[in-house]
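Q: Since the structure of chain A is provided, determine the placement of chain B on it from the hints.
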Amino acid sequence: KNEVEQSPQNLTAQEGEFITINCSYSVGISALHWLQQHPGGGIVSLFMLSSGKKKHGRLIATINIQEKHSSLHITASHPRDSAVYICAVRGETSGSRLTFGEGTQLTVNP
Amino acid sequence: KAGVTQTPRYLIKTRGQQVTLSCSPISGHRSVSWYQQTPGQGLQFLFEYFSETQRNKGNFPGRFSGRQFSNSRSEMNVSTLELGDSALYLCASTRGGQGYNEQFFGPGTRLTVL
Numbered sequence: 001k002n003e004v005e006q007s008p009q010n011l012t013a014q015e016g017e018f019i020t021i022n023c024s025y026s027v028g029i030s031a032l033h034w035l036q037q038h039p040g041g042g043i044v045s046l047f048m049l050s051s052g053k054k055k056h057g058r059l060i061a062t063i064n065i066q067e068k069h070s071s072l073h074i075t076a077s078h079p080r081d082s083a084v085y086i087c088a089v090r091g092e093t094s095g096s097r098l099t100f101g102e103g104t105q106l107t108v109n110p
Numbered sequence: 001k002a003g004v005t006q007t008p009r010y011l012i013k014t015r016g017q018q019v020t021l022s023c024s025p026i027s028g029h030r031s032v033s034w035y036q037q038t039p040g041q042g043l044q045f046l047f048e049y050f051s052e053t054q055r056n057k058g059n060f061p062g063r064f065s066g067r068q069f070s071n072s073r074s075e076m077n078v079s080t081l082e083l084g085d086s087a088l089y090l091c092a093s094t095r096g097g098q099g100y101n102e103q104f105f106g107p108g109t110r111l112t113v114l
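These protein sequence lines are chains A and B, in that order.
All residue numbers for the first sequence refer to our numbering, where the first residue is 1 and numbers rise by one.
All residue numbers for the second sequence refer to our numbering, where the first residue is 1 and numbers rise by one.
In isolation and in its complexed conformation, chain B is listed as follows:
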């Protein structure tokens, strides 16, 4: 069974631009969560999507948004990039629904904002 995939793996942007990152969950998984990892703040939750609906949202500004498609693939978008948005962005998928589901992480997208 293929794991969680994220594209692109590396990205360089300049301040003010916008970026879209993609995450394909494990087949059959309906929940996708996004996390940001920086040296200063560590890992922080961005948002979670389940069956195309945002189920949970972290404390990030509105410049960070996401969506999920009917095939469970998810995208996140960051508009008006700032230097502080440079980070490793990770997504994780779970089966979702009832119960305590294990999360499976993708390899991440490393975003550098110049």
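Chain A with its partners taken away, still in its complex shape:
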């Protein structure tokens, strides 16, 4: 079993829909990251969380440390949101080392 599990693996939505991507992890962490990767490979860090909830524009990320679970929400989705979304965790004693989920391929159709 992977230390970081994401669901779903693939997600297709219509423009305007509310989207949720889930991440569960099995180790103690110091922080959890949500990353976005577009075709071509570049990775952008969306959020870094150690507790609670963060919001940036149409993106919202939440984390429940007790349940070892995090969610990424996209409100009013848009075709430009189409990308791979990756959950990554930093262990309690692992410096900057990240362990990644397999990613969720999101496609938003107009």
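You may find that some hints are simply not true.
[As the list claims (entries may be wrong)] So these bits of chain B aren't anywhere near chain A, every CB distance computed over 10 Å:
1. Thr7
2. Lys13
3. Thr14
4. Arg15
5. Thr20
6. Leu43
7. Gln44
8. Gly58
9. Phe60
10. Phe64
11. Arg73
12. Leu83
13. Ser86
14. Leu88
15. Leu90
[Unchecked claim] Some but not every residue of chain B turned toward chain A, in silico, with C-beta under 10 Å:
16. Tyr35
17. Glu48
18. Arg55
19. Phe69
20. Asn71
21. Gly84
22. Asn101
23. Glu102
24. Phe105
Hints in this document: simulated from the structure, not taken from any laboratory.
Backbone N, C-alpha and C define an ideal beta-carbon position, used for all residues, glycine too.
A: Using the frame of chain A, we list chain B on its own:
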């Protein structure tokens, strides 16, 4: 402020050769981490350097090595290339030190081994 830069962006090598990839972190960042991304294994941690010292190492063979210079620029080297080393190699920089630092990723170097 300039972002993380990686050179070269694309590289084609043949089996048995060696390769050196370079990463320049954001100015003021002292920590550089390297990751390998393949379709089969996804993203995997290679190693992390902080103030010229290797602080953490992933589960890769000794053919993979790295170093960091006094200006925080980092290089990674892969010797005796194998077909399975074909991948996107990403580096990420953070300020380092105490606290939960956000990682900033470079555009990656796409290595193809023939």
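Q: If we take the beta carbon of Thr7/B, is the closest beta carbon in chain A still more than 10 Å away?
A: holds (15 Å)
Q: Taking the minimum C-beta separation from Gly58/B to chain A, is that value above 10 Å?
A: At roughly 7 Å from the nearest Cβ of chain A, Gly58/B sits no farther out than 10 Å, so the non-interface label is violated.
Q: Does the CB of Gly84/B sit less than 10 Å away from some CB of chain A?
A: At about 18 Å, which exceeds the 10 Å cut-off, the nearest Cβ of chain A leaves the hint on Gly84/B violated.
Q: Would you assess whether Phe64/B, listed as outside the interface, keeps its beta-carbon beyond 10 Å of every beta-carbon in chain A?
A: Since the minimum Cβ distance to chain A is about 15 Å, Phe64/B lies beyond 10 Å and the statement holds.
Q: For the hint on Tyr35/B, does the least C-beta distance to chain A fall short of 10 Å?
A: holds (8 Å)
Q: Would the least Cβ to Cβ distance between Arg15/B and chain A come out above 10 Å?
A: Holds, because the least Cβ-Cβ distance between Arg15/B and chain A comes to about 23 Å, which exceeds 10 Å.
Q: Non-interface claim for Leu83/B: all C-beta distances to chain A beyond 10 Å?
A: Non-interface label stands for Leu83/B: nearest chain A Cβ at 20 Å, farther than 10 Å.
Q: Over 10 Å to the closest beta carbon of chain A is the bar; see if Thr20/B clears it.
A: Per Cβ check, Thr20/B is outside 10 Å of chain A; nearest 19 Å; holds.
Q: Does the closest beta carbon of chain A sit nearer than 10 Å to the beta carbon of Phe69/B?
A: violated (18 Å)
Q: Over 10 Å from every CB of chain A: does Leu88/B meet that, or does the non-interface label fail?
A: Contrary to the label, Leu88/B does not stay out of reach of chain A, its closest Cβ about 5 Å off (not over 10 Å).
Q: Examine each Cβ of chain A, and state whether all of them lie more than 10 Å from the Cβ of Leu43/B.
A: violated (4 Å)
Q: Could you let me know if the closest chain A CB is still more than 10 Å away from the CB of Phe60/B?
A: holds (13 Å)
The earlier numbered hints that this structure contradicts are 6, 7, 8, 14, 15, 19, 20, 21.
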